[in-house]
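Position chain E against the provided structure of chain Y, taking the given hints into account.
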Amino acid sequence: MFEYAPAPESRDVVDIKPSYGLFIGGEFTDGTGTSFKTVNPASEEVLSEVASASADDVDRAVRAAREAFGTWSAMPGSERAKYLFRIARIIQERSRELAVLESLDNGKPIRESRDVDLPLVAAHFFYYAGWADKLPYAGYGPSPRPLGVAGQVIPWNFPLLMLAWKIAPALACGNTVVLKPAETTPLTALLFAEICRQADLPPGVVNIVTGAGETGAALVNHPDVDKVAFTGSTEVGRLIARSVAGTHKKVTLELGGKAANIVFDDAALDQAVEGIVNGIFFNQGHVCCAGSRLLVQESIAEELLEALKRRLSTLRLGDPLDKNTDIGAINSAAQLAKIRELSDHGELEGAERWSPACALPERGFWFPPTIFTGVAQSHRIAREEVFGPVLSVLTFRTPAEAVEKANNTPYGLSAGVWTEKGSRILWMADRLRAGVVWANTFNRFDPTSPFGGYKESGYGREGGRHGLEAYLDV
Amino acid sequence: MTTSFADVASSNVALRTFLHGLPGVDRVGADQRAAMLGTRSIKTTAKAEAIDLAIRMVDLTTLEGADTPGKVRAMCAKAVHPDPADPAVPKVAAVCVYPDLVAQAVGALAGSGVKVASVATAFPSGRSSLDVKVADTRLAVEAGADEIDMVIDRGAFLSGDYVKVFEEITAIKEACGEAHLKVILETGELATYDNVRRASWLAMLAGGDFIKTSTGKVQPAATFPVTMVMLEAVRDFLAATGRAVGVKPAGGIRTTKDAIKMLVLVNEVAGDRWLAPDLFRLGASSVLNDLLMQRQKMATGRYAGPDYFTLD
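Chains as they are written, first to last, in numbering that gives the first Met the number 0: chain Y, 0 to 473; chain E, 0 to 311.
Just chain E, with the same shape it has in the complex:
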């Protein structure tokens, strides 16, 4: 069954009617379900496969005021060879940097297959004019970014100006050209699961290729229930429109255990199709070394100390 949503965004009234007509999310029930899925026990061969898949899904990220070309080059080297001692370790999916450092990343990753993602649109607050946001996006795209991670205007969303949020996303999508657009909802500021579901649909209706939980600058970031609500949204959106949108939890995923729990959520909520880097990403940095440590432990039976894994 596919439905046309052409008229949904014609006015704030229409958009509000649609978004508020989506089924609600009961917080207690959603938390319970996410917690239950968190008890899945992933061991032996399943764990080994999950670790490799998780590594392939990582968007290795540095988004600091102190970022330099040197820091970005070092991170790119790690993205291509996460474990220099073991060439069997897969590459990560992408690196994620600020727009002004995209060129450095593109240079460092040329021919590696690792994508370059850039945050844009006055990240992380999104507090600027549309013109500035579009220019920010163009800057990153022209420097060679494959993917743009934009932030939505949470102020507009919370004040009920859904059309403004919608139109910003469509404008950025246009500025992206060939680049894939990830729409950051900043769920920690949206506060309710109902809002997370509505913002997810809004971003998908406006043409986002991915919906992403957080900037990493606001707590709470990528919680399991929030990720689950977003996975439900992409699953339902595919059923309604035939278009598969990706999901990227970002921020707060630090351990292999957390990464595997995310994969369990994907598996049991959205399904098989999302168990691939083109539709699911993990926005993180520190989780990569934990994945590498667990991977080595599974292969050799021993834990090596943290000094045996590179810090880039």
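One chain only, chain Y, in its complex shape:
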């Protein structure tokens, strides 16, 4: 009865070049690897051709970063802060452009890139800009020193936000960086390179090398890199940990997750439903800390599932640039295949699959929001990270059982607890082995709050005062 007319955000605010080079020593240069195409996952339209960095190119970038390190690290913190504040402001000024580009390259809804990603990106730079001249008060000694050159490899789910999480603290502490964005989402990092130039950041402080796995490996294995920071799959994280073992390199890894979102029978039901939706369908479930396992107290399971299904029927899937879209496109064909494989396996294992009636666009990579009920701990969909809009529903009877099931996973990145009883929140938080425990909310991020994992979800913390440690010689 009330159909929302299409409300597309204009594409005209971004100017995508037909091809992009690498950003090394403050200049855009050609790469010597085979260039690759980046596509809009919502339409499979080719957006641009991007240079691929070979081992030689990576070496050039690391040398540029090393050369810049001397002056950058010697600069008073208050001076470094000026550059970071300037970058933060430019990001705010150009946020519409960045948001549209992020949605085009990644497939996420513009509502999220506009209202979540970009405000957090700017906030992260503002926050760490504030630390740059206060490092002696951070609790890491009277004059903490930077590490040197940081090699940073980031994923495709929050391209610009992960860039901010990596670059802002590194620069505030006086390091220089070589960053490799994911091969399916390089464009906002390249626009960020332009912003670095606009902010007059000294050449070589930030270098961006695009490419696939080999480029990342060349960066991580480069002997003159002092610090490796990686966000991505546990599988690649293991390779990285192995390759830097026995070297002087400091490492932080932020890896996979299989978070439990735990709903007690006294929870605020409507808000719990929102939290479940936000926990697993935010960013199409391409979130390492996604609440992919719903643990619901058996006494309200039926009522909650009914409410959840009703809510899912109102989700709007489609054009990521439409301002009313809730669920965008899956980032790549490869990821879509993985989500399909695991979901099909869920059915084979006997779980019951449900999706709301929802038409998928013909072109592009799409997957409907999906719930599996009757899931057991032993099912693959309850154990493996799907990294898609797929929720596994399990039940529990007592708080102790909830804790036991929540912790019964090799991962430990995040967890959610929904109850109106404050003491139970604290009791649960004491026992859940997860880096973040959200109470009556989910997927809330703030630059002041440390983020990171237990167990196979990685080590080290990003964000907050704790996030400085990863980039200081302490």
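Do not take every clue at face value.
[Unchecked claim] In the EDC-like style, the derived pairs of lysine to aspartate or glutamate whose C-alpha atoms are separated by at most 16 Å in a straight line are: (1) E:K46 <-> E:D257; (2) Y:K420 <-> E:D193; (3) E:K296 <-> E:D85; (4) E:K42 <-> Y:E2; (5) Y:K308 <-> E:E267; (6) E:K46 <-> Y:E348.
Hints in this document: simulated from the structure, not taken from any laboratory.
Same frame as chain Y, now just chain E:
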């Protein structure tokens, strides 16, 4: 699934047990959800449809000490022909006046299809005896009111005397006869969303046909989160009992943008069924001219100045 709630109001203990057994409302989460729905972008054809629907849902209201028969007649004329220059503009749903002016409104609106609503029960404070409140209601009904907007006894509600609130509503409902009963919760005085949910259920259990946020005399009035909590209540009440109760946010809705945000809330929280004047109303007066201005802008591409819209 329908449940019988026959025994719920048998005592304060029973009523308290039931109302406090309803799921709580988390303020942070509710505010967030309402704010998110406020970002929906309603453009072009959807906006045009929403504006006409919103006009059809308006309860054009005057509730001033200075109200006169002349003022009420003028408002009634506007209710029937909101834009004299454009006969395609739909009529509003109802006019809302004090009981002593109902007769004037009934006379002015005869045969127009626009309903007459009257506030009653010692509006706006509700501070009087039940006898006076019933007499107030009868006065309005006998003068021809189609709808009665009563206020609940917030003092009784906040002191936990739910049975008193319940019995007052049932007594007024009886005094209404054929007239529809809207129950004003005055959410600004109930303060918490938990109370809004409980008062909503209390009013529905007692037989209210509509639940209404506010008198318009207390701030905050019809906020988006409060309206959302009430829409959740009517949605859940329908699922539990099979009876659909209407919702009327009133007070503080001044712009087309606000009116459309309300419709988005209705659409995504309660659903289709409430997107009609028999189950959703906007209690307002100044919003009507803004709706008319936006409507004309959509039709002609130009904004006319405020002097081109009547002030009645």
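Item to check | Agreement of E:K42 and Y:E2 with the hint, judged by alpha carbon distance not exceeding 16 Å | outcome: 11 Å, holds
Item to check | Y:K420 paired with E:D193 [C-alpha distance capped at 16 Å] | outcome: 15 Å, holds
Item to check | Hint consistency between E:K46 and Y:E348 [alpha-carbon to alpha-carbon, up to 16 Å] | outcome: Answer violated: E:K46 to Y:E348 is near 47 Å, above 16 Å.
Checklist entry - Are the Cα positions of E:K296 and E:D85 separated by 16 Å at most? => result Given pair E:K296, E:D85 holds - Cα atoms ~13 Å apart, limit 16 Å.
Checklist entry - Given the hinted pair Y:K308 and E:E267, is their alpha-carbon gap at most 16 Å? => result 13 Å, holds
Checklist entry - Taking 16 Å as the top limit, are the C-alpha atoms of E:K46 and E:D257 close enough? => result 12 Å, holds
Of the numbered hints listed earlier, the single one contradicted by the structure is hint 6.
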